[in-house]
Amino acid sequence: MVGFFKRFRNDTLAMSVSFFLGTVILLAVLAPLVAPYDPTAQNIINKFQGPSLAHWFGTDQLGRDVFSRILYGGRVTILVSLMTMAVTILIGTVLGVLAGYFRGRLDDVIMRICDIMLSFPSEVLILAIVGILGTGIANIVLATVIAKWAWYVRMIRAIIIQFMDSNYIRFAKVSGCSTGHIIRKHLLVGALGEIAVLATLDTAGTILNISALSFLGLGVQPPTAEWGMMLNEAKNVMTTNPGQMLAPGVAIFMVVAAFNFLGDSIQEAMNPKIDKVFKTRRSLFGAMFGRKKAVIE
Amino acid sequence: MANLLEIKDLEKSYLQVGTNFKGARNKILNGVNLSITAGSCVGLIGESGSGKSTLARLVMGLEKPEKGSILFEGLPVRQWLKNNKGKMSVVFQDYTASVNPRYTVTEAIAEPLCASGAEKYLDWHIEQLLVRVGLEPEVKNRYPHELSGGQLQRVCIARAIATKPRFIVLDEAISSLDVSVQAQILKLLHQLRVEMNITYLFVAHDLQAVAHLCDTIAFLYQGQIVEEVESGELARVNNHYARALLASDIPFEV
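Protein sequence lines, in the order shown, are assigned to chains A and B. First residue of the first sequence: 1, per UniProt numbering; consecutive thereafter. First residue of the second sequence: 1, per UniProt numbering; consecutive thereafter.
Bear in mind the hints are in silico, worked out from the structure with no lab data behind them. Any given hint could turn out to be false.
Claimed, not checked - Only some residues are given here: those of chain B computed to face chain A with a beta carbon under 10 Å:
#1 K85
#2 V91
#3 D94
What the hints assert, rightly or not - Derived EDC-like pairs: lysine to aspartate or glutamate, alpha-carbon spacing no greater than 16 Å straight-line:
#4 A/K173 / B/E63
#5 A/K185 / B/E107
#6 B/K67 / B/D9
#7 B/K164 / B/E195
#8 B/K8 / B/E66
#9 B/K85 / B/E73
Virtual Cβ for every residue (Gly too), placed ideally from N, Cα, C.
Bound conformation, chain A alone (with noise of 0.2 Å):
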C-alpha cells in the first residue's frame, strides 16, 4: 500500500483531480457556512443577472442566487451519489466475492437472481420504482441500487474468478491458509484497484442518474437544489436565457470528468509494476485524450 501511495502521489493528474474532488466535496458539506445566500430566497426583481461580485454565477428566473443554489445542489447530487454508491459496491462485493470464491451452488443461485435483475431495462426498471414508490431522493436511491447491484455482482465475480484460477491462491489454500485470510489478503487486495475503478466510475453514472431523473422531475423536488433540477429550470428558459444552463452543466460535466480521471489513476497507482519499470506522466490534455506519455528512466 506505501507504493500506492507513493505512485498516486507522482501522478500530478491524480492529485489535482483529488484535490478538486475534495473541494468541491467539502464545499458541499460546509454548503451553509460557504454560501452567501439562501439557496431558496427568491428575489424577482433581481432575476436573471449576470456574474457579477454579489451573485458569482449570476441569479435564476427567480432571482434566486446561483453560486449558493449550486453549492447546495452539489450536497445532495454528490454525497446522495457517494452513498448510492457505497450500498451498490458492498453489495457486489459481498455477493460477487461469495459467488467468485465458493463456486458451485451459491453461484449458480447468486448468477441466476442477478440474471432475472439484468434482464431489465435498468432505465425502465428505475422509472417503474419510483413510480410505484413516488418521487423523492429516498426512492431514487433505492430504484438505483436495485436496478444496479446485480450488475456489480456480476463483474466483480469475473475479477474474483480472474484471481482464483492463479497458483498463488492455489498454493495458498493447499499450505493450510483460511479462507478468510485468502479473501483479504489475496482476492479483495487484488480486486481492490479493480472495485475502486468500478465504484469511481459508478460513482460519476450516479451522478448523471440522479441529475437525469431530477430533470425529469422524479427526484428532487422543487424548492430544494439539485444539479439536474436546475438544468431543468434553464431548460425553459433556455431561448431567452441559454447562459442559465452554463453552471449546473458544467458544474456535472466537471464533478463526473473528474471521478472518471480518479477512477483511472487508482488503476495505474495500483499496479506496482509501472513504478520499476516506467513512469507514466501525464497531462491533463494528455489524459483526456487517451494519451499517455511513458517516460522511461
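Place chain B on chain A using the hints.
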C-alpha cells in the same frame, strides 16, 4: 516403509465445453492406482493431456474426485490437510503466476509460515530459507517481477519448504526454466530432500530430469498408470507406450 499416500481407483471427468445440456463428459482420469511410501520420490510422467496436472490438483485437495479415494495415512486429503497444516506444499511450473505480484519475497514466504502459526523470528527465518535455496538475503524486499526466472523459482521452493512439509508436489517445477538453471534446481531439490526427508511427487514430461531425481517412475497414459518402474530399471520397461516415450527421448548422459 509405510505408505504416505494411497490413491485407489481414482476417476475424474470434466464437462465438455459447449455441451452442458447433453451432459457429455471428458474422462481425464480413469482408475488411477498409485501409492507413495514416506521419504521416497515418485516421478509422474505423461504427455500433455494425459491427466498429470489433474491428478496433482486432486492430490492437493483442490478438487474433489468423482470415484475412488486419495488417502494420506488413512485420511482423506482435506481431512489430513486440516490436521497437518503446512505439511503439504507445492511448487508450480509457472513461477510468474505462483507468487502474488503485489507481495514482496518476504511477504510471500511469510504467508505459509503465518498460516501454520510460526510467527516468531519471522525475518531471521526467512533469511535462513533464502540462504538455504541459494539466494542472497537481500532479495527479500524485492517484488517477483524484479527477479529472474531461476531466482523466482528458488523463492517458490523456499516458500514451499518454509513450513517443513512432509510432502511436496512439484508440478512441472523445472519445465519452464532453461537447461542450466534446471540442473541447479534439480540439485537443490535433491539436496533438500536428503536434508529434510521430504516425500516428492514430481509431475513432469521430461524423463531425464525425473530419472535423475526420483526413485520410482510412474507412466500415466490416457488416465491410467500403465507402468511403474524403479528409476534404475528404465531399460526393462514393458509397456508399449512407456517404451515409445523412452525411445523418443533425446539420449544424453546424466
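Hints, verified against the model:
For B/K85, the interface hint holds, the least distance from its beta-carbon to any beta-carbon of chain A being 4 Å, beneath 10 Å. The beta carbon of B/V91 comes within 9 Å of a beta carbon in chain A, closer than 10 Å, and the hint placing it at the interface holds. At about 6 Å, the closest approach between the beta carbon of B/D94 and any beta carbon in chain A falls short of 10 Å, and the interface hint on this residue holds. Distance restraint check for A/K173 and B/E63: the Cα-Cα separation of roughly 11 Å lies within the 16 Å cut-off, and the hinted pair is therefore satisfied.
About 11 Å separates the Cα atoms of A/K185 and B/E107, which keeps this hinted pair within 16 Å; it holds. Straight-line distance between C-alpha atoms of B/K67 and B/D9 comes to about 7 Å, which keeps the hinted pair within the 16 Å bound. Restraint check: the Cα-Cα separation between B/K164 and B/E195 comes to about 11 Å, which is no more than 16 Å; the hinted pair holds. The suggested pairing of B/K8 with B/E66 holds, with an alpha-carbon distance near 12 Å, which does not exceed 16 Å.
As the CA atoms of B/K85 and B/E73 are separated by approximately 15 Å, the hinted pair is consistent with the 16 Å bound.
Hint compliance for this structure: every hint is met.
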